[in-house]
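Residue-level listing of the chains:
2 protein chains.
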Amino acid sequence: MAIKSFHPPQRILMGPGPSDVSPRVLGAMARPTLGHLDPVFVAMMDEMKELLKYAFQTKNELTMPVSAPGSAGMETCFVNLVEPGDKVIVCQNGVFGGRMKENVERCGGVAVMVQDEWGRAVDPQKVEDALKANPDTKVVAFVHAETSTGAQSDAKTLVALAHKYNCLAIVDAVTSLGGTPVKVDEWDIDAIYSGTQKCLSCTPGLSPVSFNARAQEKIKNRKTKVQSWFMDLNLVMGYWGAATKRAYHHTAPINALYGLHEALVMLQEEGLENSWARHQKNHLALRAGLEAMGLKFVVPEAERLPQLNAITIPDGVDDGAVRTALLNDYQLEIGAGLGVMAGKVWRFGLMGYASNPRNVLVCLGALDDVLGRAKAPIQRGVAVAAAQKVLAG
Amino acid sequence: MAIKSFHPPQRILMGPGPSDVSPRVLGAMARPTLGHLDPVFVAMMDEMKELLKYAFQTKNELTMPVSAPGSAGMETCFVNLVEPGDKVIVCQNGVFGGRMKENVERCGGVAVMVQDEWGRAVDPQKVEDALKANPDTKVVAFVHAETSTGAQSDAKTLVALAHKYNCLAIVDAVTSLGGTPVKVDEWDIDAIYSGTQKCLSCTPGLSPVSFNARAQEKIKNRKTKVQSWFMDLNLVMGYWGAATKRAYHHTAPINALYGLHEALVMLQEEGLENSWARHQKNHLALRAGLEAMGLKFVVPEAERLPQLNAITIPDGVDDGAVRTALLNDYQLEIGAGLGVMAGKVWRFGLMGYASNPRNVLVCLGALDDVLGRAKAPIQRGVAVAAAQKVLAG
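Going down the list, the sequences are from chains A and B. To convert, count from 1 in the first sequence and add 10; that's my numbering. To convert, count from 1 in the second sequence and add 10; that's my numbering.
These are computed hints drawn from the structure, not numbers from a lab. No experiment lies behind these values; they were computed from the predicted model shown. Any given hint might turn out to be false.
Identical copies look the same in the list; a pair holds intra-copy or inter-copy alike.
Below, computed lysine-lysine pairings styled on BS3-like, alpha-carbon distance capped at 30 Å [to be verified]:
#	residue 1	residue 2
1	K63	K385
2	K399	K142
3	K230	K97
4	K193	K136
5	K97	K233
6	K291	K14
With the sequences and hints as input, model every part of the structure.
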């Protein structure tokens, strides 16, 4: 056995995440490790909370990163807010609604599924019907930005519906945060989780979450203990709460937090609105190029996420061969289809640091070449120019 | 709001962990992020498994890092191996046995506590008595290296006892792995978890685990679903299993894994036996210095961990003031007491990259100065020389 140091190639990450990480973030992660109770680190945690409040557009005191990936952020929301027997309406329009159902059931809750077609937004009417039919519902859960399809749902309307029927709303913002508006206080979201590896330009591994007073009240008044010790917010709050009385819970992932701090400083420097506008502009440029080639979007225009562009794979084209050629010849990663969409769609992410004109042009140029070689039924030699027109506009 | 980039000071980390991180590990973490399904990354995962098998001294196929800190590694063991109603003997001789009890109960299990004095090893006789008194016990759980006290228990004997009574053994090796012998196959450990931020010279945030065939059998034959989706090994195995059919479960913390890979490459280069010997030698040097000053160890010599040295705070000395002076004047972090030992002991870690002669000398010199200024009843000016004598020997 003689395994050597690992030196990864420099890819362009235009899949569903992780997306390109800023060199500033990578540099921050390499800074000297501090103890997790060091006063200098504790002060940084306070900055982190402020920066996350800005990203989430909230004043919620309970705003912090869970020390594990987005899936653990999702689970943190469910294990804390769902007690055995609680009925939860789960909206499913892609892979991640299905994962929510798993979470509800593993908490001993009863999941009432509201199904929408994959690639479409959640239909508020169906949610209201389900709420009327299930007046004992405690929680409504939905995915704001479905990473598996690129569909965006109307979070504001869905949260208002949940409240109209006295339910809490749990929102998955893994792919939306930083890339498209997420307004926790204005929309009155009770519990929300996100990931660092999408529109925040950071490495994967942490899950920013935020809980409002209503959610905290529910957690404090639980009849049963939270089934997870690691994710029990009653305990985690002791570490991420007031700096004057921080109690050891688990050892925080120090260097990963340096990375997220730097990513959030960058977001603050750019400004949220500018970040949203950048994601939108690069999306429009990519879209112009893809459509000029004759490729079709999966999601109707009004429901599309700018940061995740799912298109239908043209007939007769070998999904895996195209993605492998993009990876090997252009160091470009795009996303395969997930779940029922496996083999049928490609997902082009333009998230965070990866959402830039250079990536748009490289991607379209590479796709033109690789699809051309695959003899796909596309319009050759027009995509890059179409995108450049939008970028110049 | 104008929060700036965070630039931590360069500390020497001689507390209970995180410990000093090798610059090679920090450098690895700053390498370009790959997608979590990238073939190059998947090949690195296979190397990671091999490197972890070496560290754990096992051939267990189910050996991998959990994508969250050691507490989540602990919870992964309990949620997978304990079903509602299962009786679990939990040995407690410090803080972490108490956390195990929490885990058992939150899984619906029944914890039978075997208590030993804090600062002492687990007494096998008491464990056997408990096994005899509770013939329906399914699992025995204990901490190999108690980070809160510095006591080492006889893992081999305790595991053999568990098996004698047809129980599985869950072992906490958070602080032992890499610093003192941990022999998973030879000792026939069924389930074990560790952390990256102790004797592996890596940043915190991941938890290496390993499960043998007996443990896997139990997991596959569970009557109930694992209550955690994130930690369900039936699902996690799909991602960390055979490279040919890797299925997406959660997004792996790519760059943190680069760091662990590099740390494990370093461990392989040094050799486990050499690493254990290094920890022992530096421990003896630190011990010589501390004892020359007149400071007393908490743990009896035969039960001491080389990598975690707990000593009793001398009478009349202000715990917090001393630690603050060490931090501010020497950039040296040592550990406070935890639980019932808060305010009564200091914990000096010599773990992984931090276990080196330079740290031993700096620590003793700094302590000599700070305790002298605090007018502590110690012997001045002798500690460094006493340590140097051991280091030269």
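Homo-oligomer pair classification [K233, K97; C-alpha up to 30 Å]: both (15 Å within a copy, 23 Å between copies)
Alpha-carbon proximity context of K399 and K142, limit 30 Å: neither (49 Å within a copy, 80 Å between copies)
Homo-oligomer pair classification [K97, K230; C-alpha up to 30 Å]: So K230 and K97 pass the 30 Å test inside a copy (19 Å) and across (29 Å) alike.
Up to 30 Å CA-CA - K136 versus K193, copy category: Classified as within: same-chain Cα gap 23 Å, cross-chain 57 Å, threshold 30 Å.
Alpha-carbon proximity context of K63 and K385, limit 30 Å: neither (49 Å within a copy, 46 Å between copies)
Status of K14 relative to K291 across identical chains (alpha carbons, at most 30 Å): between (42 Å within a copy, 28 Å between copies)
Taken one by one, the earlier hints fail for this structure at numbers 1 and 2, listed in ascending order.
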